[in-house]
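Working from the sequences, and respecting the hints, build out all of it.
Spelled out from the first residue to the last, the chains are:
Protein chains: 2
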Amino acid sequence: MLGQMQDWPLTVDKILDHAKEWHGGREVVSRSVEGPIVRTTYGEIHERAKRLSNALKGLGVQKGDRVATLAWNTGRHIEAWYGIMGIGAVCHTLNPRLFADQLCYIVNHAEDKVLFTDLTFVPILKQHREKLPSVKHWVIMTDREGMKGVDFEGALCFEDLVEQNSADVTWGGFDEQTPSGLCYTSGTTGNPKGVLYTHRSNFLHTLVTLGSDVMGLSARDVVLPVVPMFHANAWGIAFSAPAVGSKLVMPGAKLDGASIHELLESEGVTFSAAVPTVWQMLLAHLRETNGKLTTLKRVVIGGSAVPEAIVRGFRDEFGVDVTHAWGMTEMSPLGTLSNPNAAIAALSDEEQLKFKLKQGRAPVGVEMKLVNDAGERLPHDGTTFGRLLVKGPFIVGKYFKGDGGEILDEEGFFDTGDVATIDQHGYMQITDRAKDVIKSGGEWISTIEIENLAVGHEKAALCAVIGAAHPKWDERPVLLVKLKEGVEATKEEFLNFLEGKIAKWWTPDDVVFVDDIPLGATGKIDKKLIRDRMKDYVLPTAKEKVSA
Amino acid sequence: MLGQMQDWPLTVDKILDHAKEWHGGREVVSRSVEGPIVRTTYGEIHERAKRLSNALKGLGVQKGDRVATLAWNTGRHIEAWYGIMGIGAVCHTLNPRLFADQLCYIVNHAEDKVLFTDLTFVPILKQHREKLPSVKHWVIMTDREGMKGVDFEGALCFEDLVEQNSADVTWGGFDEQTPSGLCYTSGTTGNPKGVLYTHRSNFLHTLVTLGSDVMGLSARDVVLPVVPMFHANAWGIAFSAPAVGSKLVMPGAKLDGASIHELLESEGVTFSAAVPTVWQMLLAHLRETNGKLTTLKRVVIGGSAVPEAIVRGFRDEFGVDVTHAWGMTEMSPLGTLSNPNAAIAALSDEEQLKFKLKQGRAPVGVEMKLVNDAGERLPHDGTTFGRLLVKGPFIVGKYFKGDGGEILDEEGFFDTGDVATIDQHGYMQITDRAKDVIKSGGEWISTIEIENLAVGHEKAALCAVIGAAHPKWDERPVLLVKLKEGVEATKEEFLNFLEGKIAKWWTPDDVVFVDDIPLGATGKIDKKLIRDRMKDYVLPTAKEKVSA
Chain A
242 MLGQMQDWPL TVDKILDHAK EWHGGREVVS RSVEGPIVRT TYGEIHERAK RLSNALKGLG
302 VQKGDRVATL AWNTGRHIEA WYGIMGIGAV CHTLNPRLFA DQLCYIVNHA EDKVLFTDLT
362 FVPILKQHRE KLPSVKHWVI MTDREGMKGV DFEGALCFED LVEQNSADVT WGGFDEQTPS
422 GLCYTSGTTG NPKGVLYTHR SNFLHTLVTL GSDVMGLSAR DVVLPVVPMF HANAWGIAFS
482 APAVGSKLVM PGAKLDGASI HELLESEGVT FSAAVPTVWQ MLLAHLRETN GKLTTLKRVV
542 IGGSAVPEAI VRGFRDEFGV DVTHAWGMTE MSPLGTLSNP NAAIAALSDE EQLKFKLKQG
602 RAPVGVEMKL VNDAGERLPH DGTTFGRLLV KGPFIVGKYF KGDGGEILDE EGFFDTGDVA
662 TIDQHGYMQI TDRAKDVIKS GGEWISTIEI ENLAVGHEKA ALCAVIGAAH PKWDERPVLL
722 VKLKEGVEAT KEEFLNFLEG KIAKWWTPDD VVFVDDIPLG ATGKIDKKLI RDRMKDYVLP
782 TAKEKVSA
Chain B
242 MLGQMQDWPL TVDKILDHAK EWHGGREVVS RSVEGPIVRT TYGEIHERAK RLSNALKGLG
302 VQKGDRVATL AWNTGRHIEA WYGIMGIGAV CHTLNPRLFA DQLCYIVNHA EDKVLFTDLT
362 FVPILKQHRE KLPSVKHWVI MTDREGMKGV DFEGALCFED LVEQNSADVT WGGFDEQTPS
422 GLCYTSGTTG NPKGVLYTHR SNFLHTLVTL GSDVMGLSAR DVVLPVVPMF HANAWGIAFS
482 APAVGSKLVM PGAKLDGASI HELLESEGVT FSAAVPTVWQ MLLAHLRETN GKLTTLKRVV
542 IGGSAVPEAI VRGFRDEFGV DVTHAWGMTE MSPLGTLSNP NAAIAALSDE EQLKFKLKQG
602 RAPVGVEMKL VNDAGERLPH DGTTFGRLLV KGPFIVGKYF KGDGGEILDE EGFFDTGDVA
662 TIDQHGYMQI TDRAKDVIKS GGEWISTIEI ENLAVGHEKA ALCAVIGAAH PKWDERPVLL
722 VKLKEGVEAT KEEFLNFLEG KIAKWWTPDD VVFVDDIPLG ATGKIDKKLI RDRMKDYVLP
782 TAKEKVSA
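Residue numbers (this note's numbering), protein chains in the order written: chain A, 242 to 789; chain B, 242 to 789.
Check before you lean on any hint, since a few could be wrong.
What the hints assert, rightly or not - Interface residues of chain A toward chain B, partial, derived using beta-carbon atoms under 10 angstroms: (1) H440; (2) A460; (3) P483; (4) G486; (5) K488; (6) A494; (7) N582; (8) P604; (9) V605; (10) Q665; (11) E733; (12) A744; (13) W746.
In case anyone wonders, no lab produced these hints; they're calculated from the structure. Keep in mind the model is a prediction, meaning the values are calculated, not measured. For every residue, glycine included, the Cβ atom is placed at its ideal position computed from N, Cα and C.
Right, here's the structure in full:
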């Protein structure tokens with residue numbers, strides 16, 4: 242016996258329908274790629290997205306076809322999204338920060354038929370178009386005036402498509418398991434792999450993130466998503482803002498402190514989301530210019546661990562509350578947020594800080610477990626750390642085209658590749674990447690924890706910890722230190738500095754001073770490259786052992 | 242092509258699993274039916290609900306079987322809910338306020354196999370048990386001490402079932418369209434009809450109501466649902482509170498002002514939900530005793546229209562924000578809430594009041610339309626009123642066993658039976674019941690609007706408006722007035738009082754003074770009975786017409 246509540250498939254076109262019907266006059270403001278501020282509304286975006294749907298159908302796009310976007314956060318990008326998804330095609334967001342050959346691999350792997358691009362990326366696409374045979378049509382996201390400077394054979398003008406097509410098209414009406422979006426992981430090992438979102442997964446992610454204890458957007462919010470639509474779905478804001486009628490402020494291509502500050506103030510932004518570097522730039526700009534934040538109330542920070550100084554800066558200098566968030570492309574992307582539970586909320590601001598720096602709590606719809614190498618569950622005591630696995634209706638089940646094979650454990654959990662602790666309040670904290678963690682005598686040592694402590698030494702500019710082979714313990718930690726300019730130090734100074742701050746057996750077996758600690762494309766320490774550079778290194782403790 | 246995000250059916254057992262895992266120590270406090278305050282936690286409730294599942298299996302309950310509860314809001318009632326739903330059986334909530342023969346009809350129609358009851362209802366069940374042949378087992382929701390006073394052959398003791406069974410049982414694992422709950426409408430015409438909720442509809446209702454612009458519960462909230470689990474699912478709070486880890490305070494059988502006030506203060510309640518009469522009793526109690534509300538921040542009021550005096554009382558005397566809500570059994574039950582959008586929030590408190598008294602805005606997942614008798618859509622201008630129809634994933638598609646036949650229009654909308662306006666901000670306001678609205682010359686007249694104005698006359702105790710047959714206009718309004726004790730008045734006094742307040746053609750054709758205006762079981766004016774009593778009444782204007 243099945244129930245007989247209404248059959249109402251969870252398809253994302255209904256989100257923009259809702260915005261048009263109930264928040265049709267609510268503004269969407271963009272800093273256009275061409276320069277000027279452009280103002281539109283959910284009502285107009287709905288109309289224009291429908292026209293784009295007809296344009297795509299005219300270009301031969303069918304249900305299931307992939308249509309790529311290589312674009313900044315703007316109103317036009319939202320129109321493209323809903324125009325694509327509404328007719329059951331798949332919106333494949335491309336990350337312009339990837340290397341050109343990675344981009345080409347991804348477009349070819351996805352077999353994208355149409356590619357929407359901002360003016361910014363026309364030159365690079367022109368250079369590589371011959372390597373992208375699946376793309377039949379190129380749409381430049383500009384108007385006829387903007388097209389004048391475009392030197393790209395056969396390119397279509399976005400505004401022409403909008404103008405020349407009718408809005409008379411039916412959206413939705415298909416299974417909620419129909420794919421809606423495609424995003425490739427950055428792929429630090431091997432080729433990038435695609436996560437194929439569904440209408441259902443996007444819709445459920447939207448509902449969950451609207452919860453008071455998650456992102457909690459409301460019709461009264463003015464939301465500026467700095468976090469890009471091209472990576473991790475702008476943390477779902479392109480869905481959640483129209484779902485409640487928040488005003489949207491889209492920053493386009495300018496993410497520097499001054500540009501963001503200008504939009505925050507001129508548009509009355511109450512809520513924003515970005516990675517730590519963006520907030521660091523903003524804070525620096527505000528301090529330099531003696532700037533104020535007169536309307537901003539909440540910022541969500543994710544993408545990498547939040548430095549304490551950012552939380553304090555926002556709180557103490559600007560009265561803005563910081564919520565730490567964690568997620569990944571494979572999770573649509575949100576997994577946890579550090580919104581306080583009742584016990585934490587009862588603490589002083591200073592005591593709460595420790596929890597604000599953790600990655601946070603999981604909402605209903607995100608299951609988490611910590612396991613050891615044998616797959617056994619570990620306790621939630623805030624100190625035991627293990628691999629972090631996740632399960633839920635907006636978490637990847639298989640990668641696109643089956644890449645990587647079976648990726649779930651026998652309980653249906655996906656391995657995040659992170660190593661974490663979970664405390665008694667349910668706050669998760671990432672302690673390391675699984676591939677970086679040091680396994681010493683069967684126990685695990687967090688490289689990140691030692692790095693974060695060591696970099697607090699006044700002479701350190703940057704620190705990294707890696708594991709080095711040891712005949713007895715398998716691996717032992719080595720601390721690499723890049724000193725501040727013109728400074729000298731001894732190994733003992735650093736080892737003494739760490740003493741008492743970490744367990745004795747976590748103490749690095751060696752300290753190596755280096756001229757350079759390499760950073761990857763996202764600003765994180767590139768451990769893979771460091772390990773390559775150190776491949777001939779032998780621990781002094783290993784040598785002693787051998788010579789003993 | 243379907244996507245490959247994880248297969249994670251939306252079944253409500255996952256909500257209590259989540260509460261146990263991440264909010265296991267959070268309290269659920271009940272005023273027990275036996276008297277004392279009983280404290281438990283989500284962790285304990287999870288364990289005990291699982292034991293009940295095994296007890297039910299032992300009693301022969303299988304997937305799809307209906308298990309009834311006739312019970313107040315308590316922790317035990319929650320245990321019964323999840324114990325029943327977790328194994329795919331259907332929790333059929335019975336409303337003790339129904340007449341005995343309605344209750345018997347419902348139990349027989351549902352073919353309930355097991356019936357859980359509070360001590361309160363044992364006498365009435367004993368009287369009627371012979372008429373309920375489908376019920377094989379009767380479970381009294383008490384402990385062995387409480388059973389001593391129970392004179393009911395073969396009755397099982399709730400605490401015995403918990404004690405004697407193991408918690409080792411698998412929950413869920415079935416299709417999310419599996420029925421989870423059953424609730425009958427009050428059935429003002431014909432027999433009550435059953436709404437068969439599904440795991441999916443309950444889960445989606447939970448996610449939607451957790452949104453900041455809907456109920457917006459958080460882990461920091463302490464929630465007292467006065468609104469009963471036995472009717473309209475306690476507005477979903479038995480799902481939404483555990484879904485976020487709100488502390489739950491369950492009022493049991495005592496809903497008077499003093500008892501509610503005591504719980505609000507002793508347990509630090511921040512959020513509560515009830516019908517207007519409960520709040521009226523609370524306000525009266527607070528004024529009498531000079532009581533304070535030191536922790537309560539928000540109350541949601543629904544079930545019938547909220548009098549302005551309640552909103553003002555809470556706001557001005559106690560600093561508590563009132564949110565008006567509207568819904569119905571067929572909607573799981575929430576449809577709209579009067580949380581402000583940006584434009585309304587920018588108004589003064591006094592200007593906002595007008596919108597607070599409307600039934601409110603629809604969240605994503607609730608579609609609404611206003612139509613005329615021909616089914617054509619009407620404008621959202623705040624004055625045009627029409628039949629209110631709704632559509633969404635937690636709205637009824639068919640009644641249980643197909644009662645009432647096809648109930649959706651060709652666009653898939655369900656007719657609420659209400660007549661309403663929707664303004665430019667999307668605020669819906671109920672103006673009448675469709676069966677009460679007066680159709681005069683093809684236009685509609687709201688009886689409720691005239692009643693609300695007329696009752697403002699200083700001599701009126703109660704007013705009702707009904708339509709009376711008219712040879713030219715089909716129907717014309719008649720105002721019935723019950724005067725305050727010892728007062729006299731003329732028809733003209735009332736007609737003059739209304740002049741200028743309503744359109745001229747809405748002016749009643751007659752005023753009839755009556756000794757009694759009958760109220761139904763829920764405190765609303767019983768128009769059906771009034772129309773019966775007035776069936777021989779002839780309008781003076783109709784007579785004139787005839788004699789002319």
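So, going through the hints one by one against the coordinates:
1. H440: At 8 angstroms from the nearest chain B Cβ, A/H440 passes the 10 angstroms test, so the hint holds.
2. A460: 4 angstroms, holds
3. P483: 9 angstroms, holds
4. G486: 6 angstroms, holds
5. K488: A/K488 check passes; min Cβ-Cβ to chain B is 7 angstroms, inside 10 angstroms.
6. A494: 27 angstroms, violated
7. N582: A/N582 check passes; min Cβ-Cβ to chain B is 4 angstroms, inside 10 angstroms.
8. P604: 8 angstroms, holds
9. V605: This interface hint holds because 5 angstroms falls under the 10 angstroms limit.
10. Q665: This interface hint holds because 9 angstroms falls under the 10 angstroms limit.
11. E733: 45 angstroms, violated
12. A744: Violated, because the Cβ-Cβ distance from A/A744 to chain B comes to roughly 28 angstroms (cut-off 10 angstroms).
13. W746: 32 angstroms, violated
Hint compliance for this structure: hints 6, 11, 12 and 13 are not met, and every other hint is.
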